[in-house]
Each structure stands twice: as structure tokens, then as C-alpha cells.
Amino acid sequence: MSWLHFAVFTPFLFTLFVPLLNKSFRRVHTGWFVLIIPLLLFVYFLGYFPLDPAMAPVIHSIPWIPSLDIHFTLHLDGLALLLLLIITGIGALVVLYSIYYMSMEREALHNFYIYLLLFMGAMLGIVLSDNLLVLYVFWEMTSVSSFLLIAYWYQRGRSRYGAQKSMLITISGGFAMLLGFLMLYTASGTLSVRELIAMSGQLSEHGLFLPAMLLVLLGAFTKSAQFPFHIWLPDAMEAPTPISAYLHSATMVKAGVYLVARLTPVFGGNIEWFGIITTVGAITLFWGSFMAIRQTDLKALLAYSTISQLGLIMCLLGIGSNALNADYSEQALLFSGAALAAIFHLFNHSIFKGCLFMVIGILDHETGTRDIRKLGGLMGIMPVSFTLTVIGGLSMAGLPPFSGFLSKEMFFTGVLTAARNMNDWLVVLPIVAWVASILTFVYCLILVFRTFTGKYQPERLDKTPHEAPIGMLIPPGVLALLVIVFFFIPNVVGASLLRPAMHSILPQLVEDGGTFDVHISAWHGFNMELAMTAGIIALGSLLYIYLKKWSGIYDNLPRRFTLNSLYDSGLNSIERASLRFTNTYMTGFLAHYLSYIFIIMICLTGGTLLGQGVFALNMENNSEIAPYEYVLGISMVIAAVFVVFSTSRLMSIIAVGAVGYIVSLMFVLFRAPDLALTQLVVETITTALFLLCFYYLPKMRRELTRLRFKLSSLVISLGVGISLTLIGLSVQDHNLFEPIKSYFENSYQLAGAKNIVNAILVDFRAFDTMLEIVVLFTAGIGVYNLIKLRQARRNEK
Amino acid sequence: MKFTDVILQTSAKILVFIILTFSIYVLFAGHNNPGGGFIGGLITASALVLLYIAFDVKTVHEILPIDFKIVGAVGLMIALLTGIGSLVVDEPFLSQTFWYEDLPLFGKTELTTALVFDLGVYLAVVGTTMTIILSIGEDE
Chain A
1 MSWLHFAVFT PFLFTLFVPL LNKSFRRVHT GWFVLIIPLL LFVYFLGYFP
51 LDPAMAPVIH SIPWIPSLDI HFTLHLDGLA LLLLLIITGI GALVVLYSIY
101 YMSMEREALH NFYIYLLLFM GAMLGIVLSD NLLVLYVFWE MTSVSSFLLI
151 AYWYQRGRSR YGAQKSMLIT ISGGFAMLLG FLMLYTASGT LSVRELIAMS
201 GQLSEHGLFL PAMLLVLLGA FTKSAQFPFH IWLPDAMEAP TPISAYLHSA
251 TMVKAGVYLV ARLTPVFGGN IEWFGIITTV GAITLFWGSF MAIRQTDLKA
301 LLAYSTISQL GLIMCLLGIG SNALNADYSE QALLFSGAAL AAIFHLFNHS
351 IFKGCLFMVI GILDHETGTR DIRKLGGLMG IMPVSFTLTV IGGLSMAGLP
401 PFSGFLSKEM FFTGVLTAAR NMNDWLVVLP IVAWVASILT FVYCLILVFR
451 TFTGKYQPER LDKTPHEAPI GMLIPPGVLA LLVIVFFFIP NVVGASLLRP
501 AMHSILPQLV EDGGTFDVHI SAWHGFNMEL AMTAGIIALG SLLYIYLKKW
551 SGIYDNLPRR FTLNSLYDSG LNSIERASLR FTNTYMTGFL AHYLSYIFII
601 MICLTGGTLL GQGVFALNME NNSEIAPYEY VLGISMVIAA VFVVFSTSRL
651 MSIIAVGAVG YIVSLMFVLF RAPDLALTQL VVETITTALF LLCFYYLPKM
701 RRELTRLRFK LSSLVISLGV GISLTLIGLS VQDHNLFEPI KSYFENSYQL
751 AGAKNIVNAI LVDFRAFDTM LEIVVLFTAG IGVYNLIKLR QARRNEK
Chain B
1 MKFTDVILQT SAKILVFIIL TFSIYVLFAG HNNPGGGFIG GLITASALVL
51 LYIAFDVKTV HEILPIDFKI VGAVGLMIAL LTGIGSLVVD EPFLSQTFWY
101 EDLPLFGKTE LTTALVFDLG VYLAVVGTTM TIILSIGEDE
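Chains as they are written, first to last, in our numbering: chain A, 1 to 797; chain B, 1 to 140.
In case anyone wonders, no lab produced these hints; they're calculated from the structure. Given the structure is predicted, the values throughout are model-derived calculations rather than measurements. Hints are supplied without guarantee of correctness; some may be wrong.
What the hints assert, rightly or not - Taking beta-carbon pairs under 7 Å as the criterion, some of the chain A residues facing chain B (in silico):
(1) Gly275
(2) Ile685
(3) Gly752
(4) Lys754
(5) Asn755
(6) Gly782
We treat Cβ as the ideally placed atom computed from N, Cα and C, and that holds for glycine.
Work out the full structure: start from the sequences and follow the hints.
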């Protein structure tokens, strides 16, 4: 196991200590202990920095399930390192922030930090995995930890609703993705991303290539909240704000983007890949920014803005993938600029959006509301928060001197490249991008000015606002500082982080040992991009000033036919349908359940017997049947017949017991003392249990005495009896499996045991036994719960 | 439903000990003679059931204040830990081993890790059986 593996496991291992630390150090906020983990990991991953792009990636592998081709292979390259630093760096800041945000007295902190660490570990796993199935496992783990974190305040209905929604949408996408991975495996015979990249050329000829691509994209789009799957993200805002800043803006929602970037060398260069990603990205970009303006809750505004920005990144990745397209090999470098813009914006967005979420959290914390209509005039009261919001907001709007300006300009270059070099109708792309950017500018202004300027309304706030404690201001402050610093030194980031990442996204372009020319600058002269930015500022300001005049168009949006109502009604009808279906067979009537079990048993065993044609009657080697065996057999039959015809339950129970005891006598006769002993004790205990239950059984139902019921029961019981008898008779003539007699002969040498039954149970097949007692105990706990829950319900009444 | 059956109670007091002793013998003898954790567990459970039938649940609970859910869980834990133990010495999960040792009183005795595992099975069976029977029996 390498240090890299250990780094991925560290957050998981530390979760074991969180409850202990929380319990033993009541006076210390648990967050201080947890903070160590992301800090250490950040420093560790910084040790790989700066990665030489020409160097081979760091690879460590341990076999996990080698027989299924599943190896726990970790693979650290430029793209992975970029995300690792975001995950651990912002993770550390978020934990620091949460120490001041989450109350030590009121909140269940250990749960919070355990979920957070689970998420962090899973995210590291996604980014580092080379094996697709390992990646999938971590992928779903982030969905689960996100579910737990959204439902952290599970007492609130909205939290539960949001958690369920995000879970259902992202996990269904995850399943689709799994299917896509399996198709890729079928097509290529490998699960390793590196090997897939190496054979991407032949792969695109395969029939499963396109379906696999679509399914994988479905997973990426649901995770990264792309239209029309974006509806879960606004509802996920019910999570505590540190979580929204971490999972739902900086890291988890980037997983889909990461997957698209990671698989670009496999799928990129196909026109479908470009078409789907760019179209979905552009729609998401526009729709997110359009809907953000309408929001009155600041976090919902940020959620829609995140959706829009993720769309932007997706759209750029789609354009960038054209660099691998053979038709555009001459413009490959131009297109690769779009991919560079995508990862640069991914980096910037994590920073400024993290900062904005943290500031909104401060506002919520200090004023008690996030409603934009109640806030206003806070500039004088919270000057630091105001400054941070201005920096984050204007970076998002794409203004200098903030890093968002740089990636926004590169974004325009990217869409213009697509429009100039590809089809003519793609001119729609820069237009959509431009309109969406104007809308983005408008909601950034709303975010900054509606909150901090205007009329101060203390009577509408729950608390008297004041500036947040210094510990809460440091994390967003650090991020805001980075936003400015990166504006002035973008090429330091470009050369050390983005260039190695580019090598991972478009490896085919640099196969001959070249490298990407990563040069980011704020000033390109008077060109189209600058004109677009100027237009955004002019039109955006006008739209903001006259917002009241045109915001009426939102009232024209359909209210009944929204994606959310589609989701809700879809979920309702699925629930109703499954309830109806379940009710058809879950009758609450034990006789029905038994008949299902027996019918299935007859079909399986009897069907196999007939289907395989293995019935054989071979009596040659049988010994004589002794007279007392006849006696035992006949009395067993009599007892069994008595069970059916007796009118009293008590007598039936006793007769069933008699059958059991005679069977154990048979075992004694056939020299199977272990079986005899077991049967005897089981019989005793079940009879006691029967007598206990007997007291609570309802009166014999009339249905039981009806002729039709009796006849069908007769058929079923005859079926079971006949099929089992036939199997018993046929057994002697067949040797379907390797005989296990070697165990019989060697049990003393192998296990030191003379009792071979026991040796099989506890030594040779100990794993079976262990799972059996697990099942047994689970069933016991099940019975306990059923009965105790019934009691609790009765006590409530 | 409270009743006092003197004959049943008196004989139960003696029988329970005989059955319990036998069940422990069965547990240990299992390696070389008929028996083992599963049967031993069931026999112990039947002894306890006899006790509960002869006296009522409350009385037995006073002299035997055991939560059988925990007994079952402890049994599972033991079984699992013997499995993990073999991982520590770099053997596949749940590999068993045995050796011979001279013990005071017993003389040369065979010691096996399988017996520890069997003890886990024993406790799991007792715990589960009693949990089921008691939850049904206590239900009013």
C-alpha cells in the first residue's frame, strides 16, 4: 500500500475517531481536530507540485478483485492534482469556517464531520481512481454523503425532500454511468482509463461506443446539475452553508465536469460528444442565469448561478474536445484553448463561489435571514463581508481586476472559435453565451447591491446584525485574496497547474513530446471579446436599473408544467403504482406467503428436474428396509395426515412435533448423531415457540375452510412432496459436483477434528457458517423490532 | 396468566443445570464427537426456555438480567474477529489452525481457533433464539 492509497483512506479512518474526540473533548469544537486532515492532505498533495507535464503520471496499484479485473489503481496526473488541491484546500477552509458556523452546543457535530470526511475521502477517490469501477464506488459514495449532509437537519421537511431529490437524481445518473462503464468494458476488455485512452482509436468503431458515451454523459450531467437534471441543486441548499460551499459549489458538482474532462481523450474527437456536451452546457448556462435573477433567497440565487457556471464549463469542454477531431486537426490548438478556459474557469469558480457561499452564510448567521427582500443597507454594518461579496460577485460577473475576468474572456474566445471554424449556424453559441453573461452580470449586481445598499430594515430581521467573528471571515477572505492574486499572476497557475492538466485532457496533441502554450493575459487589444464585455457591462447595468420593468416576464413562465412538478408527480405516481403492485401480493395473510414460497420452490426444483431430464430410479445398491423402519415411516405419515385433518390447532402443533421427533429417530437409526441431536433440539424449541405464538393467533379464518382454498393447498403440497421425493430418489444416480469426500478422509489431518460435520461447519466452510449466523441474528433483530414497534404503536394509542 | 406448578418448578431447577452442563460439554466436544456451537447453543436456549416456562418472564429476568440481543451481537463479533485474526498473520480470511498443548488438569489437549469461532456461533445462536422467543413471549 502506497502513501497515495493511505492519503485516500485517511479521511475514512479518521471518521472512526471523530465520535471519540467529540465525546472526550466536550469543551473543544470537534472541527479543530478534523481540520488537521484536510490540512495534512493539502500539504501532502502540494508535495507533488509543480508536476512536470512531460513526466509520466504517478501510479500505484493494489489488486482488489483481480478475478473481475478490478484493481485499486491510483493515478495522479495534472488534472487529478488540480482537483486534489481544490478538494483539500477548500476543504480545510470550509472546516475552519464550520467551526464558527456550527454551534458546539446545539448541533450533532460528530455526525456532521463524519459525513464531511466520508465525502472528502470519496472525492479524493474519484479524482485518483484509474479503474472505472473503483471510480464508480467512490462516485456513489459522494452521492450518499451528500444525501446525509443535505438531510443534516432532518427534522425539517424541506431538508428531507431536498436530500431525497438529490439522491434519486444523482444515483439514477450513477447507475446509467455504471452501465456505460460496463459497455466500455465489453467493448474494450479493460476498466483502466489509461488503457482505454491508449485504444480510443479502435474503440470508436465498436457498436457499443455511442450508447456507452450517452450513458456516461447521463451520469456526468446529473452529478454536475446540467439541464434538465439541475432541479436537485436548488433544493440541496437546505444543507448547512459550509456544505453548500464545499459540496454544492466547489467540489461534488465538479465531479461530472471532471469525468467529462477525464474521458475526453477516450470520447473526444467524435462530433456527438461535442454536440451533446456543448448543447446541454449552453442550455444550462442560459437557463441557470435566467432563473437566478428571479430568486429571492440568496442561496437559491447562488445555486442557480452555480448551475449556470457549470453549464459554462461543460460547454467549453465540449468545444475543447474538437481539438481531437481529425476534421479540425489544423485548428487543434485553437480548440485546445477552450479546454484550457474550461479548467481555468473550474478553478476560478471553485474559489469565488466558495467565497460567496461563505459570505452568504455569514449574512444568514448574523441577520437570521437570506431573503433578499428583507436585507439591505448592510454596507456600513458589515463592511468586511461587503468587500468580500464585491470581490466574489464581480469576479463571477467577469470584471477586472478579478480572476473571473480572465476565464470569461477565454470563454468568449472559445465560443467564437467554435463559431468561426465550424458550422455557420454555430454563431448561435456566442450569442447565447453573451446573453447569459449579461444575465450573470445582472444577478451579480442583485447579489451585491440588494443586500448591502438601499434601505436598512432592522425591523424585518430576526437578529441585530453585526460583523462576523474573525474566524468566519478568514476563509472567505483567503479565497477573495486568491481571486485578486490570480488576476495578476495567472501564468504562474497556468504553467504549474493548468498545463499539466491540459496534458491529461488532450494527451493525443502532445504525444510527440511537445507541450501546450499556456499564456493567459488580461489584455489582448481591442477585439471581439473586449467588445462583448463592454456590451455586457452596459446592457447589464441598464437591465439591473430597469429590473422592475421587465421582471414581469417571469410571471409568464408556466407554473404547472415545470420540471419540478414533473419530478414530483413522477415520484408520486411511481409510489402509488408500486404500492398498488405490492398490495396485490402482500395480503397480510400467512397462507398466501407460504404458497408463494412453495410454488417458486416447485417451479425451480421440479422444473430443473424435468428440464434437465435427470430423473432416475436406481434401487440397486439400496439395503433392505427393516420392519421398524416401516413402523416409523407409517407413524410419520399418520401424524402428517392428522395435522391436516385435525380441527384444533393445539393438536396440529403436537402432531407436527411428532413428525419432527420421528425424523430425528430416523437420523439415529441411520447413524447421524449430529443431525439427530440438532433435529431433536430444534423440534423442542420450535414447539415451545409454536405454543407461545399459538396464544396470539387469530381465530381460524373462514377462507381456510373454503373448498377452493383447500384444493389449491392440496395441489401445492402434493407438488412440493412429489418434486422433493423425486429429487431424493434421483440423487443416487448423479454426481453433478466434485465429491467432497477428501474432506471426510482428511479432516483429522487438515483440521485436527474427528467430527467431520463440525470440521466442515467451523473450518472448511467457516465463511458460510459466519454468514449464516449473520442472517440468523438479523432475522432475530427483525422479529424483535416488528414486535416492539407494534407495542410502541399500541402504547401511543 | 400466572400459575405456580410446584412439580414443574422443582424439577426445572435441577434439570436446567443438567441441560446447561450438557450443552457446554456439547460445545467443547464438538470437534471430535457429535456436537458443536450450533447444537450447544440450541440446547442452552432450550434450558432457558424451560426456565421461562416454569417460572414467569419477570422472575427469570431478575435472576438472569441478560440482554440476549447483546449476547448475539457479541457472538457475531467473536466469529468475525477470529476471521480477521487470520488476516493479521497473512492468511486468508477465516483460516483456522490447531495445535497441542500440555495444560494442567487436562493433560495434553488439542487447542483450535475453530473452537473460538464455534463459541461465537454458540453465543449468536443463544442470543438470537432467546431474543425471538422472549420478544414473542413478552408481547402482551
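Each hint, compared with the structure:
1. Below 7 Å, beta-carbon pairs count as interface contacts, and Gly275/A has none with chain B, the closest being about 49 Å; its hint is therefore violated.
2. Contact between Ile685/A and chain B, as hinted, is supported at the beta carbon level, the nearest pair being about 5 Å apart and thus within 7 Å.
3. About 4 Å separates the beta-carbon of Gly752/A from the nearest beta-carbon of chain B, less than 7 Å, and the hint is met.
4. The interface hint given for Lys754/A is met, as the beta carbon of that residue sits about 4 Å from the closest beta carbon of chain B, less than 7 Å.
5. The restraint placing Asn755/A at the interface with chain B holds, with a minimum CB-CB distance near 5 Å, inside the 7 Å limit.
6. The criterion of a C-beta within 7 Å of any C-beta in chain B is not met by Gly782/A, whose closest approach is roughly 9 Å, and the hint is violated.
The earlier numbered hints that this structure contradicts are 1 and 6.
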